[in-house]
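With these hints in hand, go ahead and build the complete structure from the sequences.
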Amino acid sequence: RKEVEQDPGPFNVPEGATVAFNCTYSNSASQSFFWYRQDCRKEPKLLMSVYSSGNEDGRFTAQLNRASQYISLLIRDSKLSDSATYLCVVKSWNNNDMRFGAGTRLTVKP
Amino acid sequence: SQTIHQWPATLVQPVGSPLSLECTVEGTSNPNLYWYRQAAGRGLQLLFYSVGIGQISSEVPQNLSASRPQDRQFILSSKKLLLSDSGFYLCAGRDNSHEQYFGPGTRLTVT
Chain A
1 RKEVEQDPGP FNVPEGATVA FNCTYSNSAS QSFFWYRQDC RKEPKLLMSV
51 YSSGNEDGRF TAQLNRASQY ISLLIRDSKL SDSATYLCVV KSWNNNDMRF
101 GAGTRLTVKP
Chain U
111 SQTIHQWPAT LVQPVGSPLS LECTVEGTSN PNLYWYRQAA GRGLQLLFYS
161 VGIGQISSEV PQNLSASRPQ DRQFILSSKK LLLSDSGFYL CAGRDNSHEQ
211 YFGPGTRLTV T
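Protein sequences, first through last, are from chains A and U. In this text, residue positions in the first sequence follow the numbering used here: the first is 1, and each later residue adds one. In this text, residue positions in the second sequence follow the numbering used here: the first is 111, and each later residue adds one.
Bear in mind the hints are in silico, worked out from the structure with no lab data behind them. Zero decoy hints are in this set.
Label-pair distances were calculated between CB atoms; the ranges are: (1) Gly162(U) <-> Ser32(A): 19 to 29 Å; (2) Pro179(U) <-> Thr107(A): 41 to 51 Å; (3) Gly58(A) <-> Ser207(U): 16 to 26 Å.
We put the CB at the ideal spot given by N, CA and C, even for glycine.
Okay, structure coming up:
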């Protein structure tokens, strides 16, 4: 089983739609969680950290369920510029590295 | 925040040739440094990480090696490239914050 699993998609949605991505992780010692965004042929960039209480940044909402070892990202009012691959990232207290999911690809269409 | 520099951006090399990719960091001291590879349409695979000068941990057996001769320099090498070494190579750094910063990447094609 992979440490971090994501639905690869692709998700094709119209502008203005609400879309949700899910991610599960296998290591119960995981302590830090992130969503990264990667544009085509570019490096990943941090989109937002995920806090235990859930957090919101504009149209983006991230939630964490430690009991189910599950992270989600909700994008409201999708824009064309949201088209990208979204990577779920998990860090454990006993690891020096971060574990990346394979990513979920999103295409927002006019 | 830190900045990660990588070069070259694109590289085409024949099978059996050597490889040297360099990554440098500015804006922080004693960062953790990482080399990842991303095959086309695939996720990020961690190849090596380093917590300090001369300290290298390898995640997967392969014909690649890494070195950290200076605090802010991380080098990925190979003596003889294989076709399967083609991919997008990303260097990343992380300081005391949890955020991991990536360089712009090197797209390697082995022919």
